[in-house]
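Undergrad: Here's the letter readout for the chains.
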Amino acid sequence: MSEEFKVEIVNPEKSFLVKDDVSEVVVPAFEGEMGILKDHISIISFLKPGIIKILSKSGDENYYVEDGIVEFKNNNLSILTSTIFNLVDMDKSKQQDLLKQAEEEANKTDINDQSKYLADQKVEVLKTLN
Amino acid sequence: MASLDDLKKRIASVKSTQKITKAMKMVAAAKLRRAQESAEKGRPYSEKMNNVILNLSNGISDKENAPKLLSGTGQEKTHLCVVMTSDRGLCGGFNSNIIKKAKSYFAKILDEGKELKIITVGSKGNDQLKRVYGDKIIENISFKESKNANYFDADKVGKMVIEIFEAGEFDVCTIFYNQFKNVITQIPQAQQIIPLNNEGEENSSEESYEFEPDEDEILSNLLPKNISTQIFKAMLENSASEQGSRMSAMDNATRNAGEMVDKLTIEYNRSRQAAITKELIEIISGAESL
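Keeping their order, the protein sequence lines are chains P and G. Residue numbering for the first sequence follows our numbering, starting at 1 and increasing by one per position. Residue numbering for the second sequence follows our numbering, starting at 1001 and increasing by one per position.
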């Protein structure tokens, strides 16, 4: 029996990525990173800013996401997100842009704790990409 | 009867109108393909989102304390209607169909003695509604600058709706848009988004999910996103419908213009012939009398 399952990443504009030979996916879930292997229990969770790692036979891929929902069911992993970037396509200038935006947001004083936390997360993650 | 010169001018003007409508049809056809594509590509997201929410709301144990966005405020006094139309005209019955649907809904609500609030998206809807329901319109949004429907815009509308909801200004929210079926058929839709009604298709899978963090927290995060997603879906459907409707309207207009040119040309030739005949008769009868 193969140890592979299917992953689908969808953003509002289109179906971003479909892969069916994935052996492991690590998602930045809200309460910490979560590795998902085949036959994981059905789960719904949501994401905080971070890196999605997709490990498969055809090579590993890394994506930067800012938010999203993951649903795992019957060996189908669906990730719904509104902002996602492939790290391969992410160059320095883009990263700096995002970082600047995130920092601006984090420095706002009139936001609630949760948005502040999310903005801080963004800054942290983007900084580690360097 | 119009003079020959007048007829000539008419023909020329109808012909140039025909050129314009033909060009508009071509443009609409090109845009339609793109809009249709993105509408189709956008469907998985909203479907998945709906599924997740369905699963969540089925799994929720304490229905009494469910988030208000899901269960409603418990009353139905004030209705908010988001009427989504286009920013441009010349697209056949596209806007009027939505407005007609919306107006009959408005009339029903007002008859029942409930309060009505309207948000219009797109300037055409605002133009048509402000005459009768001007005092009910609380906001008018228009995305003239953005070329294609994008999520960012939808999110703005969604956030606004939620803000108003949280301020307790309405109990039920319905969006009006045209669902794209095919180029000649667009179906005006009224979709209730707050509170969410899971009409039909109960997910029969009894499978229980593990939630992390717990259901309530996920739901309260997901529901606002769902509002934006539904609005975005409506925007995509709308833009595809708009182009489809414009395309068929312009196709009709081009055909009608062609018919008109034919008719006018016949009339022009006839009166030219008549004038020649008249002149001939005059000359002949003049010669005969000599």
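It should be emphasised that the hints constitute simulated quantities derived from the structure, not laboratory data. By construction, the Cβ of each residue, glycine as well, lies at the ideal position given by its N, Cα and C atoms. Don't take each hint at face value.
Over 12 Å on every C-beta distance to chain G, these chain P residues come out as not near it, computed from the model [claimed, not checked]:
{"hint": "1", "residue": "S23"}
{"hint": "2", "residue": "K92"}
{"hint": "3", "residue": "K108"}
Quick look at which bits of chain G chain P covers, simulated, 3 or more residues with Cβ under 8 Å [stated by the list, open to error]:
{"hint": "4", "region": "1161 to 1174"}
{"hint": "5", "region": "1278 to 1284"}
Undergrad: Checking each numbered hint in turn, tell me which of them this model violates, lowest number first.
TA: 4, 5
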